[in-house]
Amino acid sequence: MAFMTTNVLKNLVGRYSTRLYPITTRAAFDAYRGELYNEIEKCIFCQNCARKCPSQCISVDKEIGTWVCDPFACVYCGLCVEACPVNCLHMKSAWRHVATGREMIEMQGTPPKPKKKKTEDAAAPAEDAEAKAKKPAKK
Amino acid sequence: MPRTIIPFGPQHPVLPEPIHLKLVVEDEIVTEALPQLGYVHRGLEKLTEIRDYNQMIQIVERVCGICSKIHAMCYCQGIEQMMGIEIPERAKYLRVIWSELHRIHSHLLWLGLFADAFGFESVFMQFWRIREKIMDINEATAGNRVIVSVNVVGGTRADLTPEQCSWILTELDKVEAEFKKLQKVMLDDYTVKKRTVGIGVLTREQAYSLGAAGPTLRGSGVAQDMRQLKYAAFDSLDFEPVVETGGDCYSRSKVRFLETLQSIDLVRQAIARLPMGETAVKVKGNPEGEVDMRVEQPRGELFYYLKGNGTKFMERVRIRTPTFANIPPLLAMLPGIELADVPVVVLSIDPCISCTER
Chain A
1 MAFMTTNVLK NLVGRYSTRL YPITTRAAFD AYRGELYNEI EKCIFCQNCA RKCPSQCISV
61 DKEIGTWVCD PFACVYCGLC VEACPVNCLH MKSAWRHVAT GREMIEMQGT PPKPKKKKTE
121 DAAAPAEDAE AKAKKPAKK
Chain B
1 MPRTIIPFGP QHPVLPEPIH LKLVVEDEIV TEALPQLGYV HRGLEKLTEI RDYNQMIQIV
61 ERVCGICSKI HAMCYCQGIE QMMGIEIPER AKYLRVIWSE LHRIHSHLLW LGLFADAFGF
121 ESVFMQFWRI REKIMDINEA TAGNRVIVSV NVVGGTRADL TPEQCSWILT ELDKVEAEFK
181 KLQKVMLDDY TVKKRTVGIG VLTREQAYSL GAAGPTLRGS GVAQDMRQLK YAAFDSLDFE
241 PVVETGGDCY SRSKVRFLET LQSIDLVRQA IARLPMGETA VKVKGNPEGE VDMRVEQPRG
301 ELFYYLKGNG TKFMERVRIR TPTFANIPPL LAMLPGIELA DVPVVVLSID PCISCTER
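Going line by line, the protein sequences match chains A and B.
If you use the UniProt record's numbering, the first sequence closes out at 139, no skipped numbers anywhere.
If you use the UniProt record's numbering, the second sequence closes out at 358, no skipped numbers anywhere.
One or more of the hints may lead you astray.
Where chain B lies over chain A, by a calculated footprint (3+ residues, C-beta under 8 Å) [unchecked claim]:
| # | stretch |
| --- | --- |
| 1 | 2–10 |
| 2 | 28–38 |
| 3 | 74–80 |
Rather than coming from a laboratory, the hints here were simulated on the basis of the structure.
Idealized CB from N, CA, C, for every residue including glycine.
Construct the complete structure from the given sequences, taking the supplied hints into account.
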């Protein structure tokens, strides 16, 4: 085993191969897929991220404008980020923090305005209904 | 001679995987081994009914953490063959690069665990320290350390820049230099040979007739490697299957040791020949028909049977993993050995029980 002597001496005298983890941490690489983050002001609540997610950890409510992600179910694949049409989803290149309990990433935004404004005129809805009835139903 | 039945596992200090073996021993010599599986069944194949075929890529990656990339590659190749998609040349080479990186880190992990099984903890730490460089490459290039999820149907999601390619080559040089230093310890040392040579012998005929796969088969002298089927870009890379004829634990560890060097060489070749161009093509429509696909995992042959019915949900996904093929050979190896050698022999097939049960 004499050929291992240099290795043994290097291990004894040299630097540690490991880190004192909670005290010293290595910075994550740029491309690392860390915690999911939504720029909620930009979000249009289209639910594309929720539909593409393989673990179904994202739930979006268009009516009240909430975006909720369960980080304990998230598999960090980044498919939601690729699917987002307005590029409001990002993954931080940082390690996820240690948690002592189950917590959700909840964000409240402004829900999108309905396309057609409701009018007080009672005749307008009736006209719409007639127009819809004339059009062939789209699948 | 009194017969005793010793339960081995499912949670045992030397076993990284939950396999339960009932060992019938007569005076410290094993006479029979009965396996019991089913501790970590997750029903991943059943998920095909509620996840569409693109989301299934993320699910098949989780069949096995250590060969996640190769599972996804096999699944994507199957879907592409079913839908008649020709993927770009660059994507083929990128798939080879990441799958060979996966093979390197899987073999390094196994070599460490194997050293730990016969009580050589220092070598275990040396191998795992080297492995960390490969994990860093995965993290920097694909975005995650173990489950990299770079495959999509139609190509790859990530790309390698020229700077990243040169960085990978320099890191691989360091890995190779450090890895070769351990060659004398792992392959020539007296104490290691004492624990591995002639232990758990599987003859060539036994290996062939019991359907062994991967290094277990090649360690018994059969030159069979699924990469010879020329999938992805393996048709334009030069390699020969590593074959040893001993059939014992030492031969199997030597096959894995030499395959690691072979994989480093394959990554170098793939980076040298990496063509320019797109990494993925757009896919339209849903898979219809049935297809089977075989690729080489670090542990051996991986088999996928896929059946699509024209909707976005697959009708059937059947996965046969190499450990499943290697359990009958393991049961043939165990009778006749001493009880103290059981962990070494069980680990020599590189068991992955979560793979087997899915």
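Verification of the hints:
1. 2–10: The restraint on the stretch 2–10 of chain A holds, since 3 of its residues have a Cβ under 8 Å from chain B and three suffice.
2. 28–38: Three-residue rule met by the stretch 28–38 of chain A, so holds; n is 6.
3. 74–80: Per the Cβ count (5), the hint holds.
Consistency note: the structure conflicts with none of the earlier hints.
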